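*Asks:* So you can see what is in the structure, the chains are spelled out below.
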Amino acid sequence: MKKSDRQASRPDPRLSAALMLAKGVARGIQVAGRGGGTSAPGLVADRVDARLLTKLTDRLDHGVVTVAGTNGKTTTSRMIADLLEAGGMKPVHNRSGSNLVRGVISAFASQARLDGDPGGDAGVIEADEAALPELLERVAPRVLLLNNLFRDQLDRYGELDTIARKWRPAIERLGPETTIVVNADDPTLVSLTTGIAARVVRFGFDEEGHRLESLSHASDAAACLVCGADLAWHALYVSHLGDWYCPSCDNRRPDLDAVGSNIQLHGVESLGMTVRDSDDNHAIHVGVPGVYNAYNVLAAVTVGRVMDVPMPTIISSMAAFRSAFGRIERVTYRDRALTLALVKNPVGFNEVLRMLTASTGGLEVPTLIAINDLHADGRDVSWLWDVDFELLADGEGMLATTGIRGADMANRLKYAGVAEDRLTPLSEEFESSLDAFVEQIPSGESGYILPTYTAMLRIRKILADRGAVESFWKQ
Amino acid sequence: MTEQSKRCDLKLAWLYGARMNIYGDRGNIIALTQRARWRGLDPVVVEIGIGEPIPDDVDIFFFGGGQDQEQITVSRDLAGAKGEAINRAVDNGAAMLSICGGYQLLGHEYRPYGAEPLPGIGLFDVTSEAGSERFIGNVVVESDEWGSLVGFENHSGLTWLGGGATPMGKVSIGRGNNGKDGTEGVRYRNAIGCYLHGALLPKNPKLADWLIAAGARRRHGTDAALDGLSDTMEQTAHRSAVRRAEQMR
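These protein sequences, in sequence, are chains A and B. Going by the numbering used here, the first residue of the first sequence is number 1, and it counts up by one from there. Going by the numbering used here, the first residue of the second sequence is number 1, and it counts up by one from there.
Calculated from the structure, these hints are not laboratory results. Small disclaimer: the values here were computed from a predicted structure and weren't measured. Hints may contain errors.
One-sided and incomplete, this derived list gives chain B residues near chain A with beta-carbon spacing under 8 Å [said to hold, decoys possible]: (1) Ala-18; (2) Ala-31; (3) Val-46; (4) Asn-154; (5) Ser-156.
Computed list of chain A residues with no C-beta within reach of chain B, every gap over 12 Å [to be verified]: (6) Leu-100; (7) Asn-262; (8) Ser-270; (9) Ser-382; (10) Arg-405.
Beta carbons: idealized from backbone N, C-alpha and C, even for Gly.
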């Protein structure tokens with residue numbers, strides 16, 4: 001008997017009341033013109049029925065995929081939702097990236113019917129690092145993807161050790177009905193998934209090119225979690241992710257179930273790679289750029305295999321994938337080709353810089369960096385000093401800065417050794433700064449915009465109001 | 001120029017750079033080396049790791065914060081000869097900037113909850129203990145010697161000054177050493193301990209130059225004034241951070 005036959009038939013007045021209220025609040029917010037309205041519906045629904053998310057997800061025949069990690073959550077969960085859909089499932093997903101507990105409840109409530117039908121047959125939950133333990137308590141997933149763990153917004157999340165410590169008991173509680181798909185190139189994640197009851201599927205790179213020469217400054221997780229010695233790497237790909245081993249004990253990267261190799265990067269446009277699973281090599285091409293996205297692709301493909309989506313379906317779904325909003329976005333505005341790339345933390349920023357300088361060795365394209373320090377960005381801008389902006393000292397491209405902490409950013413670039421005649425500190429205000437920046441780009445040419453999260457929302461809104469991009473809650 | 005840069009070199013020691021490197025504190029190393037270079041000096045940075053001795057000709061030390069586990073390892077490593085070498089260098093005029101975890105380990109001790117105290121090296125007459133609240137936010141400190149200083153604090157440890165200790169300054173926005181007595185940081189000779197991330201020195205150039213001048217004095221024995229630099233970007237960053245602290249208080 002299918003789960004849905006067993007449960008949806010029984011009316012649940014409390015659940016229906018909670019759903020009705022959530023939908024009412026969401027509608028009210030939209031009528032009031034407040035935009036996405038992503039957490040308030042979840043808050044009220046949770047007060048009425050604290051088990052709403054558990055009940056709705058219990059009714060999903062194909063179960064739930066929960067996606068966690070510091071970087072790439074939104075992109076990867078969108079890839080996964082797309083390939084589940086291509087595989088004939090109907091995913092319910094917190095697609096707008098609202099990934100705290102209330103945001104997830106809001107998203108699932110908005111897609112459910114009042115009678116408690118979840119509105120689909122598979123779930124995809126993008127989980128914030130801090131919210132993961134509580135989300136795992138409410139929803140035992142069929143698949144839990146652990147993608148990476150980097151230093152991120154220390155004022156909000158605390159240090160890397162703190163996150164790992166909070167995740168451990170939640171992961172240990174999962175039973176064998178959950179498959180954890182884990183990035184084995186991350187030593188912390190391997191430690192969290194060793195000796196547990198859940199089934200574990202491991203992915204990682206075996207890549208000849210695109211190696212880093214040394215551990216970047218932003219890397220954490222440099223010590224062996226078994227014996228405390230400094231780890232070493234046979235190959236290093238992104239921050240501390242790679243083929244790691246401990247020189248002092250027998251802790252090392254475990255054997256891989258899915259292997260990514262032969263990565264080909266095509267600028268800020270796309271990438272190709274080979275994914276090897278138990279039986280075969282598969283060539284994959286996806287319209288997302290950079291080595292860091294190759295990890296997201298490998299993760300999504302591995303999850304797709306665990307969810308029994310056939311490989312040809314996965315490959316065609318990935319080929320059709322479009323990047324999540326603001327992560328990497330290309331728009332034409334006033335006859336200039338602008339590429340927006342979200343920057344959230346040191347590792348993510350380093351990877352974006354690596355991508356932008358990969359072909360020429362320096363930065364040649366005019367670039368606007370927009371730094372805010374609101375709650376969602378992290379109120380502490382210290383992290384800018386963990387990013388390797390020294391990469392930008394080479395090249396001729398103009399570097400403009402804006403945002404609430406644009407002045408800190410300009411100063412950071414000065415200390416990175418960027419010649420002062422390339423620096424253009426603009427006002428904190430995005431409207432005027434965007435105009436001033438675009439005017440410095442010759443018509444018909446390109447520019448890069450690198451915003452933190454709330455800066456991205458504002459810049460995107462300005463571009464949307466001026467007709468250059470779609471507004472995001474319509475996506 | 002080469003002649004001069006050879007003569008004027010400056011040795012920086014970054015204590016436990018690989019382990020105590022959280023919150024962008026390496027920005028302080030970047031500020032010290034760049035501002036020295038812009039004056040034609042040729043600074044050298046040596047990282048001192050676990051088990052590695054302190055060279056006897058260090059001019060400026062930097063000691064940042066780290067995660068809890070690292071703090072324990074580092075405390076053990078500092079006990080004995082290494083701690084004594086740091087104390088001796090500072091008593092002989094070496095400059096020191098220590099922040100957060102580094103600051104705590106340079107005091108008498110750090111007392112965590114329900115665990116053995118971590119001994120410090122007693123360079124500063126301060127004692128730290130675990131607190132129940134985490135102080136997170138922008139901080140503005142008024143100091144006599146370096147004017148207003150701005151940074152970002154993120155600590156639950158509380159630091160109490162001993163009778164002979166001089167604070168770095170008075171907190172005008174934020175919580176500071178302990179959230180009670182209005183002080184932030186400590187100063188002993190040319191050494192400073194404080195809770196200010198940010199990174200601190202790039203937007204507080206007066207403090208950066210004070211450390212560089214002390215380091216240069218130790219190496220060369222003269223009190224030559226440092227050339228002035230155009231600090232427009234630094235001052236703009238400083239003012240915008242102070243404004244932000246005022247808005248968020």
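*Asks:* Any hints from earlier that this structure breaks? Give me their numbers in increasing order, please.
*Replies:* Of the numbered hints, 3, 5, 9 and 10 do not hold.
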